[in-house]
Structure formats: C-alpha cells, structure tokens
Amino acid sequence: MSRSFDYLDHLEAQSIHILREVAGQFERPALLFSGGKDSITLVKLAEKAFRPGKFPFPLVHIDTGHNFPEVIAFRDKLAAQLGEKLIVRKVEDTILRQGLKDGTGKYPSRNALQTNTLLEVIEEFEFDACIGGARRDEEKARAKERIFSIRDEFGSWDPKRQRPELWDTYNGAIRKGENVRVFPISNWTELDVWNYIQREKIELPDIYFSHSRNCVVTPGGQLLAITPHIRLDSEDITSVREVRFRTVGDATCTAAVESLASTVEDIIQDILTTKISERGATRLDDRLSEAAMEDRKKNGYF
Amino acid sequence: MAGLKFPHSTHNTLIMNILKFITAGSVDDGKSTLIGRLLFDSKAVSHDILHTLERQSRNKPDGVLDLSLLTDGLRAEREQGITIDVAYKYFNTPRRKFIIADAPGHVQYTRNMVTGASNADLAIILVDARQGVVEQTHRHSLVASLMGIPQIVVAVNKMDLVEYDEKVFYHIAAEYQKLAQKLDLKDVKFIPISAYVGDNVVKPSKNMAWYSGETLLDYLETVTVNQNWPQYDARFQVQYVIRPRTEAFHDYRGYAGALRSGTFKKGDRVRVLPAGIETTLKSIEVHQKEVEEAFAPQPVVLHLEDDIDLSRGASLVKINELQPSVTQNIELDVCWMSERPLKPGDRYLLRHNTTTVKAIVKEILYRVDIHTFEHQSTDQLALNDIARIRLRTALPLVFDAYKQNRASGSLILINENTFDTVAAGMLLEAQKEAYLVSEFAI
Ligand SMILES: Nc1nc2c(ncn2[C@@H]2O[C@H](COP(=O)(O)OP(=O)(O)O)[C@@H](O)[C@H]2O)c(=O)[nH]1
Numbered sequence: 001m002s003r004s005f006d007y008l009d010h011l012e013a014q015s016i017h018i019l020r021e022v023a024g025q026f027e028r029p030a031l032l033f034s035g036g037k038d039s040i041t042l043v044k045l046a047e048k049a050f051r052p053g054k055f056p057f058p059l060v061h062i063d064t065g066h067n068f069p070e071v072i073a074f075r076d077k078l079a080a081q082l083g084e085k086l087i088v089r090k091v092e093d094t095i096l097r098q099g100l101k102d103g104t105g106k107y108p109s110r111n112a113l114q115t116n117t118l119l120e121v122i123e124e125f126e127f128d129a130c131i132g133g134a135r136r137d138e139e140k141a142r143a144k145e146r147i148f149s150i151r152d153e154f155g156s157w158d159p160k161r162q163r164p165e166l167w168d169t170y171n172g173a174i175r176k177g178e179n180v181r182v183f184p185i186s187n188w189t190e191l192d193v194w195n196y197i198q199r200e201k202i203e204l205p206d207i208y209f210s211h212s213r214n215c216v217v218t219p220g221g222q223l224l225a226i227t228p229h230i231r232l233d234s235e236d237i238t239s240v241r242e243v244r245f246r247t248v249g250d251a252t253c254t255a256a257v258e259s260l261a262s263t264v265e266d267i268i269q270d271i272l273t274t275k276i277s278e279r280g281a282t283r284l285d286d287r288l289s290e291a292a293m294e295d296r297k298k299n300g301y302f
Numbered sequence: 001m002a003g004l005k006f007p008h009s010t011h012n013t014l015i016m017n018i019l020k021f022i023t024a025g026s027v028d029d030g031k032s033t034l035i036g037r038l039l040f041d042s043k044a045v046s047h048d049i050l051h052t053l054e055r056q057s058r059n060k061p062d063g064v065l066d067l068s069l070l071t072d073g074l075r076a077e078r079e080q081g082i083t084i085d086v087a088y089k090y091f092n093t094p095r096r097k098f099i100i101a102d103a104p105g106h107v108q109y110t111r112n113m114v115t116g117a118s119n120a121d122l123a124i125i126l127v128d129a130r131q132g133v134v135e136q137t138h139r140h141s142l143v144a145s146l147m148g149i150p151q152i153v154v155a156v157n158k159m160d161l162v163e164y165d166e167k168v169f170y171h172i173a174a175e176y177q178k179l180a181q182k183l184d185l186k187d188v189k190f191i192p193i194s195a196y197v198g199d200n201v202v203k204p205s206k207n208m209a210w211y212s213g214e215t216l217l218d219y220l221e222t223v224t225v226n227q228n229w230p231q232y233d234a235r236f237q238v239q240y241v242i243r244p245r246t247e248a249f250h251d252y253r254g255y256a257g258a259l260r261s262g263t264f265k266k267g268d269r270v271r272v273l274p275a276g277i278e279t280t281l282k283s284i285e286v287h288q289k290e291v292e293e294a295f296a297p298q299p300v301v302l303h304l305e306d307d308i309d310l311s312r313g314a315s316l317v318k319i320n321e322l323q324p325s326v327t328q329n330i331e332l333d334v335c336w337m338s339e340r341p342l343k344p345g346d347r348y349l350l351r352h353n354t355t356t357v358k359a360i361v362k363e364i365l366y367r368v369d370i371h372t373f374e375h376q377s378t379d380q381l382a383l384n385d386i387a388r389i390r391l392r393t394a395l396p397l398v399f400d401a402y403k404q405n406r407a408s409g410s411l412i413l414i415n416e417n418t419f420d421t422v423a424a425g426m427l428l429e430a431q432k433e434a435y436l437v438s439e440f441a442i
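As you go down the protein sequences, you meet chains A and B in turn. One point on numbering: in my numbering, the residue at position 199 of the first sequence is 199, and numbering is uninterrupted. One point on numbering: in my numbering, the residue at position 38 of the second sequence is 38, and numbering is uninterrupted.
Pulled out of the complex, with its shape left as it was, chain A reads as follows (with noise of 0.2 Å):
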C-alpha cells in the first residue's frame, strides 16, 4: 500500500484540520469570500473537509463595487454550483446608512471602507468567526498572525494580546462582542497556491490569465486596468497590453503585470522567474506606507 504524502498533502491536512476546528469550536462562522485564488482555494478545501454535508457556514462578499465583472459572475457561478449559501453586503450601502465619504482622488480606493461593511455584516449576523484566505508570506506585518486571530469589539487586532499559538490546538474561546478571524492557510505561499490550484485542476475567473486589456499607466510603472471607478486625465498614458491580475482586489487599486502567461502552468513559471512579491507587484494601497498594512489590520481590516 503506497502511503505517500506530500508537502501539498501536509499543507492542505493542516488547512483542513483548521476548518474543522472553526466547525467544532463556533456557533456562527462565516467564509468571507473575495472571488480570489486564495478563497476559491478555501472553498475547495472546505469541500473536502465538510462534503457530503453542507458547509457549516455561509459565504460572505465584500462588494466594493469596484471588483471586475468577470469575478463577480464567477463567484455567482460558484455558489450555485456550490449549493451554498452566499450573502453579499456592499460598501456602497454602508457610505450611505453611515453617511461616509467615499474615495477620492485619481485611484479612489474603497480597501479601507470595506473594513466598515465587514464590521456590520459580522453585526448583522452575529459571526463569532471569520474565515479568510491571507497568508504570512503575503506581507511582513501579515509573518506574525495567528491562525486563529483575536479582535475585539471594534474589529481591532492588537500585537500584544494575541495568543501563543501551540502544536495544532487552537484557542476560539471568546468574549461576548470579540470575534475570531482564521486563516486556514497561513502556511501557504504564492507558490504553493499555484501548485495546488493546478494539481487540484480548479477553476479560476478569466482575469488571472493573459488577456489584452486596455490599462492606464501609473507614475510609478504600474499597469491599472481601465474601468468606470478611476479618473483619467489627458495627461494619462493609456495602452493595450498583454496581462494578467496576480490578485484581483478593488480594481482601483489592483495592478495588473504583462505577462503571456495563458495556463496555470505558464504562471508557476511566471512566478519563478520574476521573483517579484505578490504585493509588491501589485497593491498600490500597500506602497504608500511600509506600515499601511499594520495599521489596516489594527483598524479592522481583514
């Protein structure tokens, strides 16, 4: 009997593992559900830690309203195939029930708004815990994170009360009012999540592979796909390229790169070969300040 085991094998074990405590230890999780690679890979291990049953919790989007049509009809596409429950709240809603200032300037970015909505669904519903698909790897702020992850009242994290995190036995017992979020797969890379998409042949929206698109270019040498949500002046230089989104965030605020790369495969080459990080490549949010993404966290952001 071949027992073999590999480091994909481990990675997704653990990730399983992980969902199934969120399962066994909280009463109302939810899967927040952003239509990217690393919640689609979520969804996938979900169905292998819950299948035949249904999943014990509903999927949740974020809508900024800023997301590109193609992730949106995909993630449609996914629940029903799914059977699952998906609940949708838009951050446009909360601009108004709040009455907030939406973005402004030529990128308005809704990355910080979306941390209000995310605090009113978890409200609405009562969510004890929040499944979501960040991973250490992806920042430096992000190499300290628990898997299970602590916030209070306010959505806040703080650095100083997070709990030691030992072997593979996780700690949800909380507070009334204090929520959990899990990262089921912390421990996986960039690259990792390429390899298992590939192995697992799962299927992804449209945008994460080449396709021309016509994008404005950013001072700083970023490529911005051209949608309704930015404001183009004459002195913008715009151009149709060959690319591909390595994420597919706000569309305000999510670079796209050139790249021909067509097939799964052609990005694990990609991805070796250009050896640009994830957000670097990509967030222009994350550039403004080396501690952007702290403070995002520490105000409630996923």
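No lab work stands behind these hints: they were computed from the structure. By construction, the Cβ of each residue, glycine as well, lies at the ideal position given by its N, Cα and C atoms. Treat the hints loosely; a few may be bogus.
[What the hints assert, rightly or not] FRET-style restraints, in silico, Cβ to Cβ:
id, chain 1, residue 1, chain 2, residue 2, range
1, A, Gly-177, B, Ile-360, 26 to 34 Å
2, B, Arg-243, A, Leu-82, 12 to 20 Å
3, B, Val-27, A, Leu-82, 32 to 40 Å
4, A, Glu-27, B, Thr-418, 17 to 25 Å
5, B, Gln-288, A, Arg-231, 44 to 52 Å
[Unchecked claim] If the Cβ cut is set under 7 Å, some of the chain A residues that face chain B in the computed set are:
id, residue
6, Lys-144
7, Ala-173
8, Gly-177
[Stated by the list, open to error] Here are the computed lysine to aspartate or glutamate pairs in the DMTMM-like style, where the Cα-Cα straight-line distance is at most 20 Å:
id, chain 1, residue 1, chain 2, residue 2
9, A, Lys-48, B, Glu-293
10, A, Lys-54, B, Glu-290
11, B, Lys-362, B, Asp-333
12, A, Lys-48, B, Glu-292
13, B, Lys-167, B, Asp-218
14, B, Lys-343, B, Asp-420
15, A, Lys-54, B, Asp-251
We have chain A; now place chain B with the ligand onto it with these hints.
Below, chain B with the ligand without anything else, positioned relative to chain A:
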C-alpha cells in the same frame, strides 16, 4: 543600485516534504542575519523586497546589505529595535519547503520559543564563537528537550571573528555535548558558520577547509524528519460530525477528524474512549473516496458498524494496539505563559486535541531552574516558568505521554475569564486500566 545582483531561481514542483524549524539564540548572536542569509542565498527573496532592504541599509555606515532586516516585522518592533513575538518565514528549495518559526531572544523568550518549538521538527541553536556555551544556551536547549524537538543543530556563528579557528569550534562542540547528555538530547549536529560572510550557510566555506561536513542548508534539506506517525499506535479524535440529512445521504453519519498517528484499516476492531465501547470500522473516506487504509496525518471521515452516537472529542483506538491512558488525574510539564501566577487550587479550562474540560491544579511538584536545571519547590508559577504539576480534570482525558506521541500528549490551559491561552502542557505517562471502566458516558 550598483553591485547588487538579483538572485534568480526557477526551481519548483519536485518539492518533497516540509521541514519546520525554529532558530534560537541570545540577542546579537546573529539569528536575524542567519535567517536573512538562508533566504537570500537560497534565492527566496523577491526583487522588490531586496530594493526595500537596500533602501533601508543605505543609512548604515558600512553600506553592507543588512540581511537581518528581512526578518524584522511590526512597527512597534522597528521602533524598539527588537522583535516581540514568533514570526513565520517561508522558503523552498527543490527538495523541501521550509517553515521557520523565528522567536526573538529577550525576556518573553521562553514563552515564544515554546510556541515556536511546539510545531518544530528541528531547532537551530546559535552559539557565538567568541562566547561559547552561555546561560542562554542552557535555556534554549532545555526548551528544545522539553518540547521534544527531534533534531538539534548547534550553529557556531561568527567564526570569522575567531579567525576560523577549528580549536574554538571543537571546544564549543565538546562543551555542548555535556549539556546535551544532561538533557537527553540525542541527534545533535554541529556546524561552524559565519552568517554575515556566508560561510557554510548555503555555500561551503573557503575559510574553513578543516570542516568537511555539510553546510547548514544541505543538512536542513536532507535530514530525515520524524514523519513516521504511521508506525505509531492509531489515535483519532472526532472533530466534527458530518450529517447531511439529505435524501441521497439519509443515514449518513461520518466522524470527521485527523488521524493523529498510526493507521486505520477498513474492518479494524476499535474502541471508543473514554466510554470503552467496542465496534468495527465499517468504512473510511479520504476526500470523499472510500479507501482500504488511512494513515496519519490524513484527514479522514470514519463510519462505524454499530449505531453509536459519538460527538466531538470522542477518541477511537485499535483494540489490538497499545491503549492510551484514560484518567482524570494527570501529571504534566508546563511552560507558564501568563502574567497572572498559577497556584494550587486554581481552575482552568484544559484543551486536549478536540476536547475541552475543566481542570483544577492539585499540586506544583517543582519548578525547573532554566539555567542549572535544578528542581526547586515553589507555591506558584510565574510567567516563563517551566514546572511539573498535577491536575484533576472534570472528565477523563484520553492521551499518551508526550515523549511517546507529541500529538496525543500535548495540551493547553485556558484562563476561564479572559480565555487567554496560559500554558503549554506536556503529559506524562499515567495509569492505563481505566478504559475498562465503562461508567463514563460518551
Ligand atoms: N562578523 C560577524 N558578524 C555577525 C555574524 N552574524 C551576525 N553578525 C552581526 O551581529 C550583530 C547581530 O546580528 P543579528 O542578526 O541582528 O542578531 P540577532 O539579535 O540574533 O537577530 C549584527 O551586527 C550582525 O551583523 C557573523 O557571522 N560574523
């Protein structure tokens, strides 16, 4: 910038398995530099991060790339100039994926190292060649031993500052061997390195022709890690019960969980603990496919022949293998992680795998002096103390001694009010006959 060549690598998918390791050293022994060197020389650093590094290193007098910046994280730490917790770093070579738990060396150190060590297959203990084995080395080695880390590498760093003298290296190795013996550390490997210059980290040293052994990375890539859980006795705890209640799966009741050690075969006679009921494994599913055999650490779904209603926390073991301990009176080693002291009579929540029970502290047997390893009597435990204690639990626990089986011998204690994790516990061998008593409800 001039002079900085970006490394380039195109290796992938042959990666076989994962090695999780921890690095331990006193402040300034060169831990950050070593990790930076491993990441840098194995080409795991992205170009944009190198640029940032280069920008940050520009203010330094010698202008040399400060590789330690690669492992520096949160702003609070940048301000204090120290790291405050365990940070995880990842890199891979064609052979392995590596997960580094980087625990910093200062006051909180025991707690952080214990946390990092709980999941480590290997520990790199750094020793400054100029200082040799110091008090801190005792502490790090004690924790490594307590946490049952299977492999130890003593990296004698800053060899460039002792003129790459082999006598210095061999002297330190001999000193350390004495320590290893006291702590019953078996697999100890010694490597002379210079993290700063790069000798014997990834590339063999030209300065130490007298050393013909492997470089640190070679060793990390090839050392056999103890992944022979399948050879252990089978241990399983129900994590979650899958009951679809749909037409297609009307009577389906699957017990989901991870196989913590050992193997299960279809048809195996098993015992449910602590209830003591015997039954047979009707079928085993792995990722929704029926299999003849499952092995640790696979996530599985088990089905039983008899209609027994198990819930989260119930254990399954094979009747023809060594039985685990089943008892309410436990003895264990703990690392105390809270600022509030532990005292006899205190109550805590105890989490062991998927079981949570109440527990009361019966006795503190002794505290271990982390430098001399002497046993001291005490009436309370303070933050970072390592001690042996006795607890009584509200319900029986099903476990093995930590030394025999890390997965089923480990537990945590939780404060009943704050719910903070306050201790790491490593169980000791206990009485075995209790499973015959079937007075316990499932
Ligand atoms: N000469 C020399 N200096 C080193 C070596 N390793 C580290 N250092 C220096 O020792 C100091 C402390 O190193 P660092 O990595 O920050 O130590 P940490 O506190 O253990 O993380 C820094 O100035 C390093 O440049 C080495 O192998 N040789």
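Right, here's what the structure says about each hint:
Between Gly-177/A and Ile-360/B the C-beta distance comes to about 29 Å, which sits within the given range of 26 to 34 Å. Take Arg-243/B and Leu-82/A: their Cβ atoms lie about 18 Å apart, and the range 12 to 20 Å holds. Checked against the hint of 32 to 40 Å, the C-beta distance between Val-27/B and Leu-82/A comes to roughly 50 Å, which is inconsistent with it. Take Glu-27/A and Thr-418/B: their Cβ atoms lie about 20 Å apart, and the range 17 to 25 Å holds.
Under the hint 44 to 52 Å, the C-beta atoms of Gln-288/B and Arg-231/A, about 49 Å apart, fit the expected range. With a least beta-carbon distance of about 5 Å to chain B, the hint placing Lys-144/A at the interface is held under the 7 Å criterion. Interface restraint check: Ala-173/A against chain B, minimum CB-CB distance 4 Å, threshold 7 Å, status holds. Because the closest C-beta pair between Gly-177/A and chain B is about 12 Å apart, greater than 7 Å, the hint is violated.
Between Lys-48/A and Glu-293/B the alpha-carbon distance is near 18 Å, which keeps this suggested pair within the 20 Å criterion. With a C-alpha separation of about 19 Å, the suggested pair Lys-54/A and Glu-290/B falls inside the 20 Å cut-off, and the hint holds. For the proposed pair Lys-362/B and Asp-333/B, the alpha carbon gap of about 14 Å is at most 20 Å, so the pair holds. Our distance criterion of 20 Å between C-alpha atoms is met by Lys-48/A and Glu-292/B, whose separation comes to about 18 Å.
Under the criterion of a C-alpha separation no larger than 20 Å, the hint pairing Lys-167/B with Asp-218/B is inconsistent with the structure, at around 23 Å. Straight-line distance between C-alpha atoms of Lys-343/B and Asp-420/B comes to about 17 Å, which keeps the hinted pair within the 20 Å bound. Between the alpha carbons of Lys-54/A and Asp-251/B the distance comes to roughly 15 Å, so the proposed pair stays at or under 20 Å and holds.
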